[in-house]
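Enquirer: My request is simple: use the sequences and hints to build the entire structure.
Using this note's numbering, read the sequence shown as starting at 2 and increasing by one per residue.
Bear in mind the hints are in silico, worked out from the structure with no lab data behind them.
Hints are not guaranteed to be accurate.
EDC-like mimics (lysine to aspartate or glutamate), calculated; alpha carbons at most 20 Å apart, straight line [to be verified]:
id : residue 1 : residue 2
1  : K155      : D68
2  : K103      : D68
3  : K36       : E158
4  : K143      : E49
5  : K43       : E77
6  : K98       : E63
7  : K58       : D110
8  : K103      : E148
9  : K149      : E49
10 : K64       : E158
11 : K103      : E71
12 : K43       : D61
13 : K143      : E158
14 : K48       : E152
15 : K177      : D68
16 : K165      : D110
17 : K48       : E66
18 : K48       : E158
19 : K165      : D83
For each label pair, taking beta carbons as the anchor points, the in silico distance ranges come out as [as the list claims (entries may be wrong)]:
id : residue 1 : residue 2 : range
20 : T62       : K149      : 15 to 21 Å
21 : E158      : L16       : 53 to 59 Å
22 : E152      : G33       : 38 to 44 Å
By construction, the Cβ of each residue, glycine as well, lies at the ideal position given by its N, Cα and C atoms.
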Amino acid sequence: MIEFLEKFEGIVGALLGVVVTLVVTHILKNVGRVKLFLVAQKVGISKETRTSYGEVKYIDTEKTEADLCEIDITLEIYNGTDVGKIFRDIKVCFYNKNNELKFSITPDDKTTEEQGRFWNKYDEALNINVPAKQICLLVLRKAIRFEKESEVLKLSESICIEMKNHNGKTYRLQIKQL
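Expert: Written as structure tokens, this is what we have:
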């Protein structure tokens, strides 16, 4: 066996060198972190009221009396690896004081806004691709009417944005403490 290896020493050494180089290159490409930065956020909690003329107005109020939550978020996502990343299942989540999920909903992507005379339409933010060593800007919004789920807002202590990468790892960033 030793004689056999001595005959092919150069070939075995070259093959081992190639394999080690491939493994090290793969590891180095995936070294790095994905970071989420909250650039801007606006969370409005309000209650719908009607004037004597029947006009609808929204008045800022405490979360115990509110039935509407409007969220505007601007996020920067930095991909520090040498490989592009994709994030799916983007959600705005409401958590209680025990960090239990009470409610989640897919936000709208503000960059896809279509305007009509009396309406605005947005596409849901389903996924985002972040190229290697770059920052992507994600501008999200959502207006959530808590008619039947009014207890959700009352019991919530924090609002977070969550997304999952291709491996299913969840990235979470707190937007606001209620």
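Enquirer: For which of the previously enumerated hints does the structure constitute a violation, in increasing order of number?
Expert: Hints 3, 7 contradicted; others consistent.
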